[in-house]
Amino acid sequence: MAGVTKAFRQSAMARTGGLLLALLLAAGLAAPWLAPHDPLRTDLSQRLHPPSLDFPLGSDQLGRCVLSRVLFGARVSLFASLAASLLALGAGLLAGLAAGLGRPWLQALFKAALDIALAFPGFLLALVLAGALGPSLTSLVIGIAGASWPWWGRLARGLTLGAKEKEFVLGGRVSGVRGLRLIRRYIMPQIAPPILVAASLKTAWIILAMAGLGYLGLGAQPPTPEWGAMLQESRMYLVRAPWLMLAPGAAVTLSVLGFNLLAEGLRDAMQVKRARSW
Amino acid sequence: MRLGGAVSILKRLAYLAVVLWGVSLIAFGLFALAPGDPAEIILRDRQEAPSRESVAELRRELGLDDAVPLRYARWLGKTLKGDLGRSWQTGEPVAGELLARLGATLELALAAFGFVVICSTALGVVGAVYQGRAPDRLARAWSILSLSLPNFWLGLLLIMLLALHWGLLPLMGRGGLNHLIMPVLTLGLSIAAMQGRVLRASLLEVLGQDYVRFAHAKGLSRWAVLKRHVLKNALPPVVTMWGISLGHLLGGAVIVESIFSWPGLGKLAVDAILARDIPLVQGAVLFMALVFVLATQLADLAHQWLDPRLARGQGNQGNGRRD
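Chains A and B, in that order, are what the protein sequence lines are. Numbering-wise (this note's numbering), the first sequence opens with residue 1 and increments by one. Numbering-wise (this note's numbering), the second sequence opens with residue 1 and increments by one.
No wet-lab data here; the hints were simulated from the structure.
Residues on chain A that point at chain B, a partial pick, calculated with CB under 10 Å:
1) LEU238
2) LEU246
3) ALA250
Computed cross-link-like contacts, DSSO-like style, restricted to lysine-lysine with a CA-CA straight-line distance of at most 27 Å:
4) A/LYS164 with B/LYS11
5) A/LYS166 with A/LYS111
6) B/LYS11 with A/LYS111
Per label pair, the in silico range of CB-to-CB distance:
7) B/ASN178 with A/ASP54: 35 to 43 Å
8) A/GLY102 with B/GLN47: 52 to 60 Å
9) A/GLY102 with B/SER54: 46 to 54 Å
This one's a predicted model, so the numbers in the text were calculated from it and none came from an experiment. Don't be surprised by glycine CBs; every beta carbon is placed ideally from N, CA and C.
So that you can see chain A by itself, here it is in the shape it has in the complex (with noise of 0.2 Å):
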């Protein structure tokens, strides 16, 4: 965690990226106090307007208002996108873990489940696992979260396989530290700064997938407030009303950016090489 503080202290972009992160998070969780309407109330005789004083961000094809509906969009694809992340997270450390540090099977087991699971491109993974479930946000943050748990497994065994070979870790396994306590006192602490970027780095992807889904269909259904579904809705508008794509299409946009610059300053304060997004 030292390696945070100082990250913030040294990098303009992780202040920036932090900043950003925060605003954003903080829009979706005020959103019913900030947002002037009713993101799902619809008036027929409000149709498209431009963006005005009472409509900042104009309205949409059924009246309602952008700017409601794309903060309350933020706690659809803000959370959802967390919700994934730690999910994934989770799910790929212990078996990266388990590939590291286990038995000889154990390790082998967990090998050939990682390369079979990373047979797949991340997205199209994460598209057939929700479209198996039936679209709903639920299945869209399960399946983004099984696509991609197999990326940290992998890189959670790398870096494990590294810090074991280490020669205090061989002393203190020498010495009889085993199990959870290896763990917490002798891997987790060098391999704790390239995970945290990597989180960084993927949480901006799986938000990038996440409206992507949306887009095509596959998450939160209307009426539901969600950047991609957003963003769908004002295909048809494109030359009519471009304010419909403009504003859930920055909101993703910005999003991601506070993500990538986040990542971007941690890895230039910790001196962690490049991770990959996918």
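For chain A, the structure is supplied; the task is to place chain B on it using the hints.
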């Protein structure tokens, strides 16, 4: 030595077989166990009201009442013979439907791949040569920005400006070179940015080596050193990345194909998933995973061939795929 090589190739093939078997298990399992009665879906696709008798008859016909392992064995046997079944929507063989879409995906993938290779090389070289100075910082800012742009939004923005407002480019579909510009940009921009960063890091690592300093010391010009000594040694990790991204691209760019109504495999897969056309989904998923696995393996082999140090040590450290 030669025997060792043959053994390692055999090992690799055996492992590949295990991975592909796992892939088949997932492709089958996902939809075999998914909610919804396939017989009902088929009947509805045929515009027939699913009565109890017709559902029962169709279930018998499709063998849906058998145990799952038996169904898997039957499906795997047919798949290995190249029979992927028939699409529930059209009744056409799945293999034929996939082949019909292959050309479009191939065209888009190769065009985007060319774009990625050129742009990432330019970004990476500029970043490494001007490390820390304005062009490098510009390249970094550009990379972070294009990595943060969702490609579906970028696609919509391009459509709005280039096709609808200014009428410069065709809106969607496949056709001449004009039709390729927007999909290639949408697809390639973020991949190029990411790989430009990888190339830059790899170049910087090589630039710090003694033999590079020696080459400078013996009076070679900057570009000569870069061309003769640096690029060659910095390429292996980037080649791996290029291979993997080619695998991604060949698997069909799901979102981009949907945005631009590009008649390729990605759009086919999405439409099939939304329509719950299970044989078509299974065929498309199997095909995409196969292409992806082969591309990854080839990239790995190319990496080893370019960097013989890797072939000797089996270690995980020091190669470009540590993540």
